[in-house]
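Chemist: Residue numbering for the sequence shown follows our numbering, beginning at 40 and increasing consecutively.
Misleading hints may appear alongside valid ones.
[What the hints assert, rightly or not] Ranges of calculated distance between the beta carbons of each label pair, as one might list FRET restraints: (1) L257 with P211: 18 to 24 angstroms; (2) R206 with L302: 35 to 41 angstroms; (3) G139 with V171: 36 to 42 angstroms.
Think of the hints as simulated: they come from the structure by calculation, not from any bench.
Ideal Cβ positions, reconstructed from N, Cα and C, are used throughout, including at glycine.
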Amino acid sequence: MHLLTDPLQFDFFLRALAAVALVSVLCALVGAWVVLRGLSYIGDAMSHAVLPGIVGAFLTGGNLLLGALVAAVLTALGIGAIGGRGGLKQDSAIGIVFVGMFALGVVMLSRASTFTTDLSNFLIGNPLGVTVGDLWGALGVTVVVGALLTAVQKELLLASFDPTEARAIGLPVRWLNNLLLILIGLVVVLTVQLVGTTLSVSLLITSSAAARLLARSLKKMMGLAALLGTVGGVTGLYLSYYVNTAPGATIVLVNTAIFLLALLLRRRE
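I would like the entire structure built from these sequences, with the hints used as guidance.
Modeler: Structure (structure tokens):
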């Protein structure tokens, strides 16, 4: 039992456990939609596309999180506009906007005379450095995102799988798509700040993909993704504590192993 209880004497470890559980639930809410709609590329793209907002806030002395959120919203609206009006597939729109925004961030960053620890921590993230305030913020975002997705779930399902029928009955398909993209951007910004880019994308994509192999409905998929992400996160944190490895990368490897196990179980059915 001491193997389970020894790490719990440290406050930072307890906060990391809570952060991983909250982020797993938050990522599951939008990750299910990301996997179902084939938008797996968007998690990594969003995490890089917010760079100009972060750098802009850094250069002007503003709030980094607010700058990232503004960039995420602009990125989501840009993807929606190009994909909706340009006749391009959404993955192409994601690639165009992602590269453009990231390049803009690099250009802005080249004008900075220093690269402070605060900025690098925001970009890299560290689950062991989570504060109580971060946890309350994550809980608030989880409630808001969950409430919004629940309110438009039926409409979003129809707009996702039969947009022609959705338009025929008067649903605002473009508005629904933009709302989903904005929520994905919000989740990515928050989770990248808390746990880093690699772990954020893993919880957003890998856990939801594993749940997709095993679940038969959207609600079950979300619940299972949250459960798998939490199990992988807790297991990875304990492994990193005893093996002395990077916690985020260790959790990603555990999540990948869980996905491979789900894939094997699906093939045996």
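Chemist: How does the Cβ-Cβ distance of G139 and V171 compare with 36 to 42 angstroms: does it lie in that range?
Modeler: holds (37 angstroms)
Chemist: The hint says 35 to 41 angstroms between R206 and L302; measuring C-beta to C-beta, is that right?
Modeler: holds (36 angstroms)
Chemist: Can you tell me whether the CB distance of L257 to P211 sits inside 18 to 24 angstroms?
Modeler: holds (21 angstroms)
Hint compliance for this structure: every hint is met.
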